[in-house]
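J.: Since the structure of chain H is provided, determine the placement of chain C on it from the hints.
2 protein chains.
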Amino acid sequence: MTVADDEIQIPLEILEPKLASALRRAGLSEPIARIIAETVAGAEIDGSRSHGIHRLPGYVSSISSGWINTAAKPACEQTRPGCLAVEADNGFAQQATRAFSNRLAGMARSQGVATMFVRNSHHFGALWQDVEPLARAGLISIAMVNSRSHMAVWQGKRKTLGTNPIAFACPRTNAPPLVWDQASSIMSHGDILLHAAAGRPVPSGVGINRDGDVTTDPAAILDGGALLPFGGAKGASLAFMAEVLVAALSGGTFGFEDCSSNFPGAKTSNAGQFILALDPGAGGNASFQGQLERLIAELKHAGSTRMPADNRYRRRQAVHESGMLSVDARNWARVLSLAED
Amino acid sequence: MTVADDEIQIPLEILEPKLASALRRAGLSEPIARIIAETVAGAEIDGSRSHGIHRLPGYVSSISSGWINTAAKPACEQTRPGCLAVEADNGFAQQATRAFSNRLAGMARSQGVATMFVRNSHHFGALWQDVEPLARAGLISIAMVNSRSHMAVWQGKRKTLGTNPIAFACPRTNAPPLVWDQASSIMSHGDILLHAAAGRPVPSGVGINRDGDVTTDPAAILDGGALLPFGGAKGASLAFMAEVLVAALSGGTFGFEDCSSNFPGAKTSNAGQFILALDPGAGGNASFQGQLERLIAELKHAGSTRMPADNRYRRRQAVHESGMLSVDARNWARVLSLAED
Numbered sequence: 001m002t003v004a005d006d007e008i009q010i011p012l013e014i015l016e017p018k019l020a021s022a023l024r025r026a027g028l029s030e031p032i033a034r035i036i037a038e039t040v041a042g043a044e045i046d047g048s049r050s051h052g053i054h055r056l057p058g059y060v061s062s063i064s065s066g067w068i069n070t071a072a073k074p075a076c077e078q079t080r081p082g083c084l085a086v087e088a089d090n091g092f093a094q095q096a097t098r099a100f101s102n103r104l105a106g107m108a109r110s111q112g113v114a115t116m117f118v119r120n121s122h123h124f125g126a127l128w129q130d131v132e133p134l135a136r137a138g139l140i141s142i143a144m145v146n147s148r149s150h151m152a153v154w155q156g157k158r159k160t161l162g163t164n165p166i167a168f169a170c171p172r173t174n175a176p177p178l179v180w181d182q183a184s185s186i187m188s189h190g191d192i193l194l195h196a197a198a199g200r201p202v203p204s205g206v207g208i209n210r211d212g213d214v215t216t217d218p219a220a221i222l223d224g225g226a227l228l229p230f231g232g233a234k235g236a237s238l239a240f241m242a243e244v245l246v247a248a249l250s251g252g253t254f255g256f257e258d259c260s261s262n263f264p265g266a267k268t269s270n271a272g273q274f275i276l277a278l279d280p281g282a283g284g285n286a287s288f289q290g291q292l293e294r295l296i297a298e299l300k301h302a303g304s305t306r307m308p309a310d311n312r313y314r315r316r317q318a319v320h321e322s323g324m325l326s327v328d329a330r331n332w333a334r335v336l337s338l339a340e341d
Numbered sequence: 001m002t003v004a005d006d007e008i009q010i011p012l013e014i015l016e017p018k019l020a021s022a023l024r025r026a027g028l029s030e031p032i033a034r035i036i037a038e039t040v041a042g043a044e045i046d047g048s049r050s051h052g053i054h055r056l057p058g059y060v061s062s063i064s065s066g067w068i069n070t071a072a073k074p075a076c077e078q079t080r081p082g083c084l085a086v087e088a089d090n091g092f093a094q095q096a097t098r099a100f101s102n103r104l105a106g107m108a109r110s111q112g113v114a115t116m117f118v119r120n121s122h123h124f125g126a127l128w129q130d131v132e133p134l135a136r137a138g139l140i141s142i143a144m145v146n147s148r149s150h151m152a153v154w155q156g157k158r159k160t161l162g163t164n165p166i167a168f169a170c171p172r173t174n175a176p177p178l179v180w181d182q183a184s185s186i187m188s189h190g191d192i193l194l195h196a197a198a199g200r201p202v203p204s205g206v207g208i209n210r211d212g213d214v215t216t217d218p219a220a221i222l223d224g225g226a227l228l229p230f231g232g233a234k235g236a237s238l239a240f241m242a243e244v245l246v247a248a249l250s251g252g253t254f255g256f257e258d259c260s261s262n263f264p265g266a267k268t269s270n271a272g273q274f275i276l277a278l279d280p281g282a283g284g285n286a287s288f289q290g291q292l293e294r295l296i297a298e299l300k301h302a303g304s305t306r307m308p309a310d311n312r313y314r315r316r317q318a319v320h321e322s323g324m325l326s327v328d329a330r331n332w333a334r335v336l337s338l339a340e341d
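In order, the protein sequence lines correspond to chains H and C. Take the first sequence: its position 307, counting from 1, is numbered 307 in our numbering, and each next residue is one higher. Take the second sequence: its position 303, counting from 1, is numbered 303 in our numbering, and each next residue is one higher.
Pulled out of the complex, with its shape left as it was, chain H reads as follows (with noise of 0.2 Å):
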């Protein structure tokens, strides 16, 4: 791995206990720390930095500014035979859904499919982190979140909808599962920031201004502006679905109704999440595993040189295995001065 000038290598033992430190100081409990500092570091590790170190700054704030329950006891209530409705109490969706997740898994065993909606939470962190451990249990999942609104669609001149991402993971033999995670919008809110920090110019057709006009300028997207959706309608319907299954169903908030902006220093939305489990053994067919690698099979000879999230594997290997990590420089700096001394 090349390191670049602002690029510094730590050891991998300190990653996480120094995020977890960070989010102790900021309000959290031990437990809840644990998980966050383990959801940034599995997404630093895999090189989703969008979802990395560089977001522990937006945990800290948005614990401090009050906005999330750090004291958050969510309940579970088995709605239906094949349903689970949570109620996060406004802490991380995170502590939420590993709660309940066993449970999930064992009803998608027995009823073939299952779903969890969980309301009053929030979900700051990478949506492949929800799919790959219960394909890792052997289900197929499905999982998508709202936020507070960033895009605009359907002709619309203004945001509504969150980027909304939706994520597929399926268990594999002898390979880890097949998992892809993709926002609604063309770049993440993610990456906008990133660019935005760096002060790099967008792409075109990405987003808008506060006029509704079409702007490379990440800070005019961000000020008031909007992200547009991928693939036009097509794009701000599976986003519309998205907000219709993690908020309308669970009862959870719209991202048009984030009233984070009450909180200074919030960067999290209390919203929703849908999550799916299917038994791969549910549609009859007892060979699901073979057929799935006949159809990787076809993939690779057609030319597709590489799966999702195979480059992701790579890095948490190589990473695993040196013991070292290259992160930005100043976001780790960031991460120790916010960690406890």
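If you are wondering where the hints come from, they were derived from the structure by calculation, not from laboratory data. Please note: incorrect hints may appear among the correct ones.
Dumping the calculated DSS-like pairs for lysine-lysine here, alpha-carbon to alpha-carbon at most 27 Å [to be verified]:
1) 300/C / 300/H
2) 18/C / 267/C
3) 157/C / 73/C
4) 73/C / 267/C
5) 267/H / 157/H
6) 157/H / 300/C
These numbers come from a predicted model, not from an experiment.
T.: Using the frame of chain H, we list chain C on its own:
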């Protein structure tokens, strides 16, 4: 409605009988001919012309080729409390899904979520026709279908996946369901066929020729070339998910495994279908419908003048009110030539 030179007005009441007549003449039994005629007529009436009467010759030649089992007896197994595995017996998907959709709806109401996996079926119609009825029955629905390979994905140089459309529908209060239906390719295969038939070029970026180079010639795309997914890798991800959910889970045929070329004249794919139905109350939100209307009101307030399917519903209403339908004269002449005297 303005009527072009190559358009004629026909009485609505003769549309379905003429279509059914042609399908009977091709070899379908009366009940199956009625289902397919209703499917084709419904698309034509709504203005989904790529799936309307333009497709009748394709249905007829596929049936006449012996590729489709006109005596299919679909069978259904409830593999789990939330899952139905349907063996369509090499018949039309619509015959199979109609036979068991009430059962799926009942399971969704009791389990909260339920899925139907269809294998060994031919789906040649518009996908919104599968989800709209479930939404009219009060359920949220997602459907996917695969097809013979048409699309190159993830840097692949040749076609591997079908255009694999995804459709979504949710019930509304005091309004018909909100429905969207979109191919995972930038243009649907049906639209490419319409462009090729009219000798019209397609926009750049829509497809590649047999050498893997971008082309605007629809004939070159159809002759050994490939369509491209919308949103690049993101549309490819969706098409891949559909291929997994509909073919790998059901034990159905992948698009690239299609062997319809053994049956000269065959235009349909022996493939699979995935339908998910969700009870709107399953997330624990008693005011789902009111909350959905808040979202739609906000989108309109931001400048979206119409929701997906609004145009189709408007056309449908106008046609039913006038009792007359404007159709392409040449396509209608083909219907008449294929119908019984």
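J.: Now tell me, hint by hint, if it's right for this structure.
T.: A quick look at each hint next to the structure:
1. 300/C / 300/H: The hint is violated at about 44 Å.
2. 18/C / 267/C: Between residue 18/C and residue 267/C the Cα gap is close to 21 Å, so the pair holds against 27 Å.
3. 157/C / 73/C: 39 Å, violated
4. 73/C / 267/C: 21 Å, holds
5. 267/H / 157/H: The given pair, whose Cα atoms are some 23 Å apart, holds under the 27 Å limit.
6. 157/H / 300/C: Status holds; Cα separation ~10 Å.
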